[in-house]
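There are 2 protein chains.
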Amino acid sequence: MSWTNSKNTDLVERAQAVIPMGMYGHQSVLLLPDDYPQFFRRAKGVHLWDVDGNRYLDFLCGYGPNLFGYGDPEIDDAYIAQLREGDTMTGPGEVMVELAEAMVGLIAHADWAMFCKNGTDATTMALMIARNHTGRNTVVLARGAYHGAAPWCTPLKKGVAPGDRANQVFYDYNDVESLEAAVREAGDDLAAIFASPIKHDTFVDQELPDPAYARRARELCDERGALLIVDDVRAGFRLARDSSWSLVGVKPDLSSWGKAIANGHPISALLGADICRMAAATIYATGSYWFSAAPMAAALKTLARIRDTDYLERTQALGRRLREGLDESAARHGLALRQTGPAELPLIMVDDDPTLAKGYFWTQALMKRGVYFHPWHNMFICAAMTEADIDFAVEAADEAFKLLKAAGPLEAPAKLGFMNQMLDH
Amino acid sequence: MSWTNSKNTDLVERAQAVIPMGMYGHQSVLLLPDDYPQFFRRAKGVHLWDVDGNRYLDFLCGYGPNLFGYGDPEIDDAYIAQLREGDTMTGPGEVMVELAEAMVGLIAHADWAMFCKNGTDATTMALMIARNHTGRNTVVLARGAYHGAAPWCTPLKKGVAPGDRANQVFYDYNDVESLEAAVREAGDDLAAIFASPIKHDTFVDQELPDPAYARRARELCDERGALLIVDDVRAGFRLARDSSWSLVGVKPDLSSWGKAIANGHPISALLGADICRMAAATIYATGSYWFSAAPMAAALKTLARIRDTDYLERTQALGRRLREGLDESAARHGLALRQTGPAELPLIMVDDDPTLAKGYFWTQALMKRGVYFHPWHNMFICAAMTEADIDFAVEAADEAFKLLKAAGPLEAPAKLGFMNQMLDH
Numbered sequence: 001m002s003w004t005n006s007k008n009t010d011l012v013e014r015a016q017a018v019i020p021m022g023m024y025g026h027q028s029v030l031l032l033p034d035d036y037p038q039f040f041r042r043a044k045g046v047h048l049w050d051v052d053g054n055r056y057l058d059f060l061c062g063y064g065p066n067l068f069g070y071g072d073p074e075i076d077d078a079y080i081a082q083l084r085e086g087d088t089m090t091g092p093g094e095v096m097v098e099l100a101e102a103m104v105g106l107i108a109h110a111d112w113a114m115f116c117k118n119g120t121d122a123t124t125m126a127l128m129i130a131r132n133h134t135g136r137n138t139v140v141l142a143r144g145a146y147h148g149a150a151p152w153c154t155p156l157k158k159g160v161a162p163g164d165r166a167n168q169v170f171y172d173y174n175d176v177e178s179l180e181a182a183v184r185e186a187g188d189d190l191a192a193i194f195a196s197p198i199k200h201d202t203f204v205d206q207e208l209p210d211p212a213y214a215r216r217a218r219e220l221c222d223e224r225g226a227l228l229i230v231d232d233v234r235a236g237f238r239l240a241r242d243s244s245w246s247l248v249g250v251k252p253d254l255s256s257w258g259k260a261i262a263n264g265h266p267i268s269a270l271l272g273a274d275i276c277r278m279a280a281a282t283i284y285a286t287g288s289y290w291f292s293a294a295p296m297a298a299a300l301k302t303l304a305r306i307r308d309t310d311y312l313e314r315t316q317a318l319g320r321r322l323r324e325g326l327d328e329s330a331a332r333h334g335l336a337l338r339q340t341g342p343a344e345l346p347l348i349m350v351d352d353d354p355t356l357a358k359g360y361f362w363t364q365a366l367m368k369r370g371v372y373f374h375p376w377h378n379m380f381i382c383a384a385m386t387e388a389d390i391d392f393a394v395e396a397a398d399e400a401f402k403l404l405k406a407a408g409p410l411e412a413p414a415k416l417g418f419m420n421q422m423l424d425h
Numbered sequence: 001m002s003w004t005n006s007k008n009t010d011l012v013e014r015a016q017a018v019i020p021m022g023m024y025g026h027q028s029v030l031l032l033p034d035d036y037p038q039f040f041r042r043a044k045g046v047h048l049w050d051v052d053g054n055r056y057l058d059f060l061c062g063y064g065p066n067l068f069g070y071g072d073p074e075i076d077d078a079y080i081a082q083l084r085e086g087d088t089m090t091g092p093g094e095v096m097v098e099l100a101e102a103m104v105g106l107i108a109h110a111d112w113a114m115f116c117k118n119g120t121d122a123t124t125m126a127l128m129i130a131r132n133h134t135g136r137n138t139v140v141l142a143r144g145a146y147h148g149a150a151p152w153c154t155p156l157k158k159g160v161a162p163g164d165r166a167n168q169v170f171y172d173y174n175d176v177e178s179l180e181a182a183v184r185e186a187g188d189d190l191a192a193i194f195a196s197p198i199k200h201d202t203f204v205d206q207e208l209p210d211p212a213y214a215r216r217a218r219e220l221c222d223e224r225g226a227l228l229i230v231d232d233v234r235a236g237f238r239l240a241r242d243s244s245w246s247l248v249g250v251k252p253d254l255s256s257w258g259k260a261i262a263n264g265h266p267i268s269a270l271l272g273a274d275i276c277r278m279a280a281a282t283i284y285a286t287g288s289y290w291f292s293a294a295p296m297a298a299a300l301k302t303l304a305r306i307r308d309t310d311y312l313e314r315t316q317a318l319g320r321r322l323r324e325g326l327d328e329s330a331a332r333h334g335l336a337l338r339q340t341g342p343a344e345l346p347l348i349m350v351d352d353d354p355t356l357a358k359g360y361f362w363t364q365a366l367m368k369r370g371v372y373f374h375p376w377h378n379m380f381i382c383a384a385m386t387e388a389d390i391d392f393a394v395e396a397a398d399e400a401f402k403l404l405k406a407a408g409p410l411e412a413p414a415k416l417g418f419m420n421q422m423l424d425h
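One line per chain: the protein sequences are R and W, in this order. Numbered by the UniProt record's numbering, the letters in the first sequence go through residues 1 to 425 in order. Numbered by the UniProt record's numbering, the letters in the second sequence go through residues 1 to 425 in order.
In case anyone wonders, no lab produced these hints; they're calculated from the structure. One or more hints might be untrue.
[To be verified] Restraint ranges, calculated between C-beta atoms of paired labels, are given here:
hint	chain 1	residue 1	chain 2	residue 2	range
1	R	208	W	222	49 to 59 angstroms
2	W	205	R	207	50 to 60 angstroms
3	W	202	R	144	35 to 45 angstroms
4	R	143	W	189	28 to 38 angstroms
5	W	189	R	225	31 to 41 angstroms
6	W	205	R	53	51 to 61 angstroms
7	W	73	R	225	52 to 62 angstroms
8	R	30	W	105	17 to 27 angstroms
[As the list claims (entries may be wrong)] Straight line, CA to CA, 25 angstroms or less: simulated SDA-like cross-link-like pairs of lysine to any residue:
hint	chain 1	residue 1	chain 2	residue 2
9	R	44	R	309
10	W	157	R	277
11	W	405	W	340
12	W	157	R	135
13	R	405	R	370
14	R	251	R	282
15	W	7	W	415
16	W	251	R	17
17	R	251	R	170
18	W	251	W	313
19	W	157	R	189
20	R	158	W	340
21	W	251	R	16
22	R	44	W	80
23	W	402	W	2
24	W	415	W	166
25	R	251	W	21
26	R	158	R	176
27	R	7	W	94
28	W	44	R	74
29	R	157	W	163
30	W	251	W	223
31	R	44	W	76
32	R	7	W	251
33	W	158	R	282
Beta carbons are placed, not taken as given, at the ideal position from N, Cα and C, and that holds for glycine.
Generate coordinates for the entire structure from the input sequences, incorporating the hints supplied.
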């Protein structure tokens, strides 16, 4: 096998000296199978090259931002043209108004837009606006949902003070009774209900939203004068050309966006309805680069592509082709997958694999064959993929299934024990 | 006068429809003198052009990021070259390790680096690391200091819940007794002391750090096993090629950086000492674009310029030339300025001006003469400025002083009443 990783190994060693534990956050390979490369040299279209020159068909898409292909010439040229004219200035450019108009034009529930950098910026602003709008503090959130990595929401509790998590009540996604109980517990202090557009928590099967649950969340907010917040940072424009909950006919008051909206350029957004416009205008939230014009120019071009092309139908068809191809391949080897969530935003885990040992083995084998899969995080279909790319992945998966079948019993990945300890739950 | 603003007026009206109150955050002109342009078309070198084509010599420098001139060709080319190769990928590039090595090489107190997007990301991570390191919650902060715009620190209280501000005790900058009292109040729960490198609060005179105060902050942290955090986001590399507190001989445990480190490209950083490396490794903080390679390539080029050129001595000399020129001009008109802080990071206010009426009048007159000053926020000397630029500003200021002298008594700017109401203190 031609796969090598000596340059990655050297870089990891250098990183250990100057970055805590060598890397942090969602792009650390600490909890990925052994040999997953930490450092990449190049990204173009649907492919990544690690620092050793190994090429991967990338189903992580930068954990979401890569919608139309890495280095899309039209979108990057728009970025560069605006950069040459003016990017981080002493005030915003005209492009900020154009982008707000474009977002509001595309997202039915939205009357206004604010732009920021991190998805967490947008969810945190949503939280603040709901509290400002209602004059109340309690927010109701789905247990295990990811809404960012600030003290109020980050999945690990290290460095979090009790005050950061005050005024939070949890429910189980898609469970109307549990939602109602949480709202009762919030009582007359309910400021907001947070919801992911689909259940896309890590390590567990994804779930599409039950329309009855989504409608009940809307009703409960209306009854109580609270705000409904849909966190579309990860799934936004992956499932619909509108808010992801347009698919279940429910309009949120606030929605958070990021990742795909500028095809990898740094920008996120909070969209809102008129009802909370004044509350949005009177919080103070800002950042050094929130008004930079170049990512806005890239976002405008990305939104035009979203509005005017069949990218969505194509990624859905590619996702179905992958799902069906993998299921057939697994069955041929007497194995089965748990493929959950929308086909265009797939979570793919090996069935009957409580320790993830099989999933780690299988994704590692795929990785070494040039297909970058993730063992416990949802993946993304890139609109620049072709049927031939999908077939390449299915073929690699087939070889990986064969190896998995031949491997016999596997030990639980030791690194996951570390994670459970960190999660502290 | 050739200054016009019809295009800005049209854009402001369009913005009102799709952005709450037309703009938000530190780049809103809501609290600037009337007619300050909200939207800009172009930025190059030391100049800004608004959407009506008016040109300004810009002393705000994008509120800090513009250190070497807007659109610096070498830095932007480094950004674009990395963008063409790979930017927001499924993992970081080699450039992340190089940048961490460069930062650690430049900043004496630092053994490791983490990169993020907003200055607020870095200060929030510092807070979390201090809490994680000590297992305690209370942080001691200077009253009125700006450390970002998250719920725990944003200057306005709208949308902030009581829990967000739990475990905070305040002291007065440069006041050792007040610092000691705050630390006593924190008792055995002290996690960290936060300090701005200089007092650069808005609306009040700036102050250089008293070395006795800085040393006492270090001692108190050492005695209590707490961490000393210097927030260098705004002043970093403006005063020194090392931590700004290297000038007073005090090493923090953690320092936050942003703005100037990539000459306008979106990146911020947290640097830390070995003592809290493990605490840094075990918090969870991340963002969609924190690992993007292009801003890191731009930062590397910027750091090389910082390390290898006399930019610092030049901006200091230009700052002194501005300070002296303005003082002489004011005196000629029987007026005086309060010019505080370092000359290269000047806050310039009109003396004897409790309502800011004179300052608003004077900066507005400067603005209409093509010099962009701020009436109550510190400004920045750009390393791309020349003596001729400074002389142009002084000449415009001289004309503005003449008009101010002739204007007679002025009414207090009504918009500041609104601000005091928002500040709620």
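Status of the hints after comparison with the structure:
| no. | hint | verdict |
| --- | --- | --- |
| 1 | R:208 - W:222: 49 to 59 angstroms | holds, 55 angstroms |
| 2 | W:205 - R:207: 50 to 60 angstroms | holds, 57 angstroms |
| 3 | W:202 - R:144: 35 to 45 angstroms | holds, 41 angstroms |
| 4 | R:143 - W:189: 28 to 38 angstroms | holds, 30 angstroms |
| 5 | W:189 - R:225: 31 to 41 angstroms | holds, 37 angstroms |
| 6 | W:205 - R:53: 51 to 61 angstroms | holds, 57 angstroms |
| 7 | W:73 - R:225: 52 to 62 angstroms | holds, 54 angstroms |
| 8 | R:30 - W:105: 17 to 27 angstroms | holds, 26 angstroms |
| 9 | R:44 - R:309 | holds, 21 angstroms |
| 10 | W:157 - R:277 | holds, 17 angstroms |
| 11 | W:405 - W:340 | holds, 22 angstroms |
| 12 | W:157 - R:135 | holds, 12 angstroms |
| 13 | R:405 - R:370 | holds, 20 angstroms |
| 14 | R:251 - R:282 | holds, 23 angstroms |
| 15 | W:7 - W:415 | holds, 23 angstroms |
| 16 | W:251 - R:17 | holds, 20 angstroms |
| 17 | R:251 - R:170 | holds, 21 angstroms |
| 18 | W:251 - W:313 | holds, 23 angstroms |
| 19 | W:157 - R:189 | holds, 18 angstroms |
| 20 | R:158 - W:340 | violated, 40 angstroms |
| 21 | W:251 - R:16 | holds, 23 angstroms |
| 22 | R:44 - W:80 | holds, 14 angstroms |
| 23 | W:402 - W:2 | holds, 20 angstroms |
| 24 | W:415 - W:166 | violated, 31 angstroms |
| 25 | R:251 - W:21 | holds, 23 angstroms |
| 26 | R:158 - R:176 | violated, 31 angstroms |
| 27 | R:7 - W:94 | holds, 10 angstroms |
| 28 | W:44 - R:74 | holds, 24 angstroms |
| 29 | R:157 - W:163 | holds, 16 angstroms |
| 30 | W:251 - W:223 | holds, 15 angstroms |
| 31 | R:44 - W:76 | holds, 20 angstroms |
| 32 | R:7 - W:251 | violated, 35 angstroms |
| 33 | W:158 - R:282 | holds, 7 angstroms |
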